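Asker: Given the coordinates of chain A, work out where chain B should sit on it, guided by the hints.
In the order they appear, the protein sequences are chains A and B.
Each step along the first sequence adds one to the number in our numbering, with nothing skipped, and position 66 is 845.
Each step along the second sequence adds one to the number in our numbering, with nothing skipped, and position 168 is 254.
There may be inaccurate statements among the hints.
Straight-line Cα separation of at most 25 Å, DSS-like style, residue types lysine-lysine; simulated pairs [said to hold, decoys possible]:
| id | chain 1 | residue 1 | chain 2 | residue 2 |
| --- | --- | --- | --- | --- |
| 1 | B | Lys168 | A | Lys947 |
| 2 | A | Lys848 | B | Lys118 |
| 3 | A | Lys848 | B | Lys168 |
| 4 | B | Lys120 | A | Lys947 |
| 5 | B | Lys118 | A | Lys947 |
Rather than coming from a laboratory, the hints here were simulated on the basis of the structure.
Note that the structure is a prediction, hence the values are computed from the model and not measured.
One letter stands for each residue in the lines below.
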Amino acid sequence: MPAAPGAISPPRPYVHRHHWIVRFTHWAAALLLLGMIASGLQIYAAYARFGDRGGALLPNPFQDSSFPKWSRLGGWLAGGLNWHFALMWPLVLVGLVYTLYLLVSGEWRALLFRLRDVRGAIAMTRYYLRLSREHPPQGKHNPLQKLAYSSIVLLGVIAVLTGVAIYKPLQFAWLTTLFGGFQATRYWHFWTVWIFVAFTLAHVTLVFVVDPPSFRAMITGRYRGRFPSHD
Amino acid sequence: MIERRDFLRLAGTAGTASLVAACGWDGGEAVKPKLLAVSKLNDWVGEHVLFSRHRLARTYDPSRRSRMLPSYFISREMPSLKDPGAWRLRVDGLVQQSLFLSLDDLMAMTRTSYTVKHTCVEGWTAIATWQGVPVSAIVERCQPLPGARYIKFASFDANYTNGWDMASALHPQTILAYGMNDNPLPPRHGAPLRLYSPTKLGYKLTKYLVSMTFTSERPGGFWEDQGYPWFAGL
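One chain only, chain A, in its complex shape (with noise of 0.2 Å):
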């Protein structure tokens, strides 16, 4: 019987797992999507539903509804439109740095979930229901983090396009038509957060619950925890 990565052993040495610049651009993403959907909060009270006026609405559990002050950034409409259109000049950057150090390195061998995965990513779920009891092999990134970390990545790029279509729609008429005109745009833009909100708690819960030398890894590079470093 193959050591399962759970198994109990001699205390590990450290192992680099994450260079310089994916940690950086981790910290950075996190803290400057933050700052988008706090001043993007405060963009949506102006106006807090999606369709034309005196037309038909698309359903939005928060229509006519606005957040908690502590939630927005910006004060009022201005400050807000300010902030979001500031901070989204280093978000894209950073989203930039990071996919091109994953190509340069080819490190997106290890994240890039792939056809192939499927099969994979089936047998981590069946481990996760408690169908099997023994955690599939896996390299630096199991099949279903491949899956989140890919789908995560697609995410910024939606949220990216449709904040482009709705702040230049004339500009960039094709793609406001491609999400559907510039209602159902800003609708998408509105629901990346809520994807990005949902993917960020269980990102958070499940490094605390199953993998927690990650958490070190993220920070300071080196990582001692029972999943290998590598593919």
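Answerer: Same frame as chain A, but now just chain B:
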């Protein structure tokens, strides 16, 4: 290779910027000038990189008009003229030929009509039909001097004004509107004359017009001076 130290410094700035999110804060007096500086950069990108005089806003069939289009003004009561017959549009500043135009003069000029979507900075949109004379036709008549780069549009609604760059003003869909939805422009939408363009956010579309002044310096504006983006191009 980007210096690690520079990167960390950037991280610090980004971090501080975002932490204030948890306070329902506007950023404070120290951050405000920095935000406005970035806003100016965004204006520059909007004006010189993204805007095209040849890209037209989508037009709609009049049957698509919205049932309502909200209207805002600054004065305590809806601005109106005591003597509408005495109203004139003054065109002055850096021009070869100052103009003093009555509503009849304007209506005798080239007429444009379109049904377009109005976009408010608040996030709402509404479709309406507008009739008027292209600003480019006024520009042809008054012949701006070489130094004229901006136009200041002024109103009789309190001290509401807007500043426009020349390229946006010359966009074929930028008009001085005297008609809305096949009727004369109603008082709540800026009668007798308002600036209209589907290329800008609503707060750039000066209502209750009295003058347009050609300038070499960028004119401010009512909301722009309070922190709203100056270019506000869609």
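Asker: When the structure is checked against the list of hints, which entries are broken? Sort them ascending.
Answerer: Hints 1, 3 not satisfied by this model.
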